[in-house]
Structures are given as C-alpha cells and as structure tokens.
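Trainee: Chain by chain, the residues run as shown.
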Amino acid sequence: MSLPPVDLRLILPEMIVAAGAVLVMLWGAFLPPGRQRVLRWVSAFAIILALGVVLALQSGEPAFSFGAMHLRDALTQTLQVIVLIVALLAVLLSGEYVERTHLETGEYYALLLSSALGAMLMAASADLLLLFLGLETLSIPLYVLAAIARRDLRSQEAGMKYFLLGAFSTTFFLYGVALIFGSAGSTNLARVASQAGAGSPLMLAGIGLLTIGLGFKATIVPFHSWAPDVYEGAPLPVTAYMSVIAKVGAFAAIIRVFVIALSAGAVQWGAALAALSVLTMILGNVAALLQNNLKRLLGYSSIAHAGFILIGIVAANRAGISAVVFYLLVYALMTLGAFGVVLMLERRGEEADEISDLAGLAGRSPLLAGAMTLFMVSLAGLPPTAGFLAKFYVFSAALDAGYPVVVIVAVVTTVVSAYFYLRVAYTMFIGQPAPEVKFAGGRWVSAALIVTSAGVLVLGIFPAPVTNFIEQMANALK
Amino acid sequence: MIPVPYYLTISAVLFTVGMAGVLVRRNALVIFMAIELMLNSVNLTFVAFARQLAAIEGQVAVFFVIVIAAVEVVVGLAIIIAIFRARSTVDIDDVDLLRG
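Residue numbers (the numbering used here), protein chains in the order written: chain A, 1 to 478; chain B, 479 to 578.
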C-alpha cells in the first residue's frame, strides 16, 4: 500500500487560520486580564497572512487534494478572500467591545477564527462530506459566540436557540447527504453531478433535505424563525459577524451544490428555490417594517437580503454566480458597516441598539451619521452605492434566465425596504440626542467604519476592477 | 440476511421519531436527545447504503458524524448548564426574553 501524495501548500491558508485560532486560545490562557490586547493583533495578523497566501496561490487550473475532497479553483479563491475580509472586519469591530465588556478574549478570537475556517472549507469543498465538516466548523463556534456573554440572560438564550435549531437543521442536511450518497453511490460532487439529471426519487428527496439544512443557515424563509431572536440576543459584534459569515458560507455551499454540481437538475430545483426566494423577500422586508430594535431590524434585513441573493442562484448561470459573489461582498461591507456605527455608541454601558438611540446623531457627529446614512442607502439598494449595483446584477441575471415574476417581487420589496432603512437615517437628522447615549468607539471600530464606507462607495462608483475579477472567476468555472 | 431496505425504513422511522421529539418536547435536554437520535438514524442510513453499494465512503462518513455529534454534545451541554445556573430551569417555554 502506498500513501497518497498530499500537497499541503493547497490548504496553507486554512492551516494558517487554524494555527492562528490555536495560538490565540493558548496564549490568551496565559496572559493576565489587562494585557490581552495583543490577541487581536495576532488574530488580525493571521487573517492578513492567510489573505496574502490565498491571493498568492492563484493558479489557472483547478487543483484537487485530499482524495478529491478539497478543491482550490478561482471560485474558492474569490470566496475565501471574501470570508477573510469579513473575519478581518469582525476582528476590527470586536476590538474595543470585547475589552470593555470583559468577554473572554482568547476564546472569543479563537472561535471567530475557527468559524472563518469553516466558511473557507465550505468554499473549497468538492465533496459533500467536507461540506458537512465545513458547515459544522462554521456553525459550532457561532453557537458558542452567541452565548459568550455567559452571565447575560439574553446572550444565553440566543446561544441555546441557535444551538438547538442549528443542530436540528444539521440533521436534515446530513440526512440529505446520506440519501444523495445512496442514490449517486458517492458523496463526491463530481460523481453526484453525473447522476443529477436522472432525477431518481431518492436523489430528489436528498436534494430537498439538503435545501432545508442550508436554508436554515442562510436564513431562508420558512427556515428563518431562529434568526431575529438570536441576532437580538447575541453580543453586538457577534451578531454582525454571524449575520455575514454564515451567509457567505451557506451561499458558497449553495453555489457549489446547486449551481455547479446539480446544474443538470436546474429545472427541478429552480422553481422551488424561486418560490423560497419570493417568500424570503416578502417576509423579511415586511417584518422589518415593524421593528424598533436595530439588531432585530438588521436581522430581518439579513433575511431579506438572503432572498435577494437567492435570486442569483435561481438564475443558475455564470452571470448568476458572479452576481451572487459580488452581492455577498457588498452585503458584508454594508452590514458590518451598519453594525459598526451602532458599536460606536453605548447607552449607560449597554448596547445602544434601539433606533431611538440614534436620534439627533447628525448634530453630534455628522461623520458617523453620514456613514450610517450611506449604509442604509446601500442596504436599500439606491444609487450611487454598491447595494444598488449588487441588486442590479442579481436582477438582470434572473431576467436573462427567464424569471420575470421573481424580479418584479424583488423590485416591489426593494421599494418597501427603502421605508424602514431610510426611517433609520431620518431618525438621525431629527429630534434631540438622548443624554444617556454616549460615544464608545475607538481606533479599531473607526478603522472598520472607514474600510466599509470606502468599500461601499468605491464599489458603487468604480466597480469595474472587482466585477471584472469576479466575471473572470465565473468564466473559469466549468 | 435482513435486506437493506429494512434498515433504510427503520432509520427513516427513527429520524421521524426524533423530529417529532424536537417539535413536541419542551425540555432542552430532551430536545437535544431527540437531535442525537436523528443523527444516529442518519448513521444507520449511511451504513446501510455503504453495505448495499459496497462503498467504504459511507462507513467513513459515520466516523465524521460521530465526531461532530460529540462536539455538539460538549457545546450544547455547556450552553444548557449556563442556562440552568442562571434560571434553574431548562424548559424552553420559560426561556423567552427575546420575542418580537
């Protein structure tokens, strides 16, 4: 028996992130409470190093490793870059918050990095088993992160709800994998692809269960019920991070499984996903109208955006893939930015997470109010921001693929969404600031805000370099 | 020898029993037990298919699932214990601060 050759260079970025997580956790255990600031520098450094390696590993040909389970191609590279940008911004957002609320610093960053590792693995999986491992590596740290303020009753409750429903959804995903394995004779996505067109009942049942499992993670209606509660209860930077990273991971998986492996069965799942996307857009945007809590509002907004992103999947073509990837990047920037603005404020040492806490912000800090307005305009999808272009690309991909009804619903719900996003912006320009709301930001949050607002503006006005890069990526796919 | 479809049927039944348990029971620990039952019914499905298709992959998958289930036990029990310390109950109907 000969041992198979293993090229560790191909998983170097994943190894760096994993090593960073272990290092941060061990080092954090030996540092006295006042001197844990070094841990965020270590985490940020590990992420930047991994980002550099991902970009340096660029090669024309797709490279398989570990028994064709792990695949590094252009799509892997682009999605991993997005994952690492999200993780870096999350470290920046968490910097001062973790310190002032006395969370366990070492554990916090170790979990954050592990979760990013899971999303990177999902982006690189060429096998349903690795996809499952990536999904769990992504989710399990997020359950702990949601409950990391462990003496706070709301954080505990968020952790428990996320854990129970997350584990529940995992079993559906896994049962789907088992049935697809039984039908195709392999968990390898390339082998599954060759059987996808046959449409055996076992395969269809497996695909259905897989959709339920991924739908939970991507907060697609009707599998979204956990999201608003968990987003409201978790600590603010954790909410920001998980509302983005879970979505990037889940949509990476949906692209890999549906658009690429199951492309032969697109007729069967296309209509089902189109219906889910319509439901998600309607429920997310309408429920967001009723919210007064910013975290909850952004939670429903994240559900609504999952619906918009799903339109690109429904299109099931190259334009759809590049539109989804671009949307994920833009969604990450604008959502993390909006959470960053909320992190700059505090109400009597607590999170200032009510919309009314923003009243009069424009008078006290025009820059901060301007940034928040920018993010809200972008989330609502108005020009000249990146949010407009992201929606435009997704809609045009779906129109080309012949789903006009979905696009009409999307446009109508976009108009509805403008009401609640702009209400937040409007609140900042009227009324008197509440005296108990104080500024609590620092250099790290400010850095995150500068990066995200610059990103939203630049991608909105000069998108060409990024969209060209993503288009090349989509064209390189088979 | 018992035919493979029998195993697939019993695992589907176990999965459904687990699912009903999650939806009906209100104690977080019992819900968690039901989830474990669902995971193990999936294991049975994997092994049955591995036998039917003579593919070793299905048996390898079971090991991954067992590891993941163990990790979920650690995390889940930690969260449930934290809840119990603060509230002296693990009934999910009593854990309801977050509503909207």
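If you are wondering where the hints come from, they were derived from the structure by calculation, not from laboratory data.
Heads up, a few of these hints could be off.
These stretches of chain A come out as covered by chain B in the derived footprint (C-beta under 8 Å, 3 or more residues) [stated by the list, open to error]: (1) 124 to 133; (2) 152 to 162; (3) 169 to 175; (4) 456 to 466.
Not close to chain A: a few residues of chain B, all C-beta gaps over 10 Å, as computed [to be verified]: (5) Tyr484; (6) Ala506; (7) Met516; (8) Ser519; (9) Val549; (10) Ile557; (11) Ser566; (12) Asp571.
For every residue, glycine included, the Cβ atom is placed at its ideal position computed from N, Cα and C.
Trainee: All hints, please: hold or fail.
Mentor: Taking the hints in turn, this is what the structure says about them:
1. 124 to 133: holds (count 3)
2. 152 to 162: That given contact holds, which follows from 8 residues of the stretch 152 to 162 of chain A lying within Cβ reach (below 8 Å) of chain B.
3. 169 to 175: The restraint on the stretch 169 to 175 of chain A holds, since 4 of its residues have a Cβ under 8 Å from chain B and three suffice.
4. 456 to 466: violated (count 0)
5. Tyr484: holds (14 Å)
6. Ala506: violated (6 Å)
7. Met516: violated (4 Å)
8. Ser519: About 8 Å separates Ser519/B from the closest Cβ of chain A, which leaves it inside 10 Å; violated.
9. Val549: Since the minimum Cβ distance to chain A is about 6 Å, Val549/B lies within 10 Å and the statement is violated.
10. Ile557: Per Cβ check, Ile557/B is inside 10 Å of chain A; nearest 5 Å; violated.
11. Ser566: Given a closest Cβ separation of 12 Å, the condition holds.
12. Asp571: holds (12 Å)
Of the numbered hints given earlier, the model fails hints 4, 6, 7, 8, 9 and 10; all others are met.
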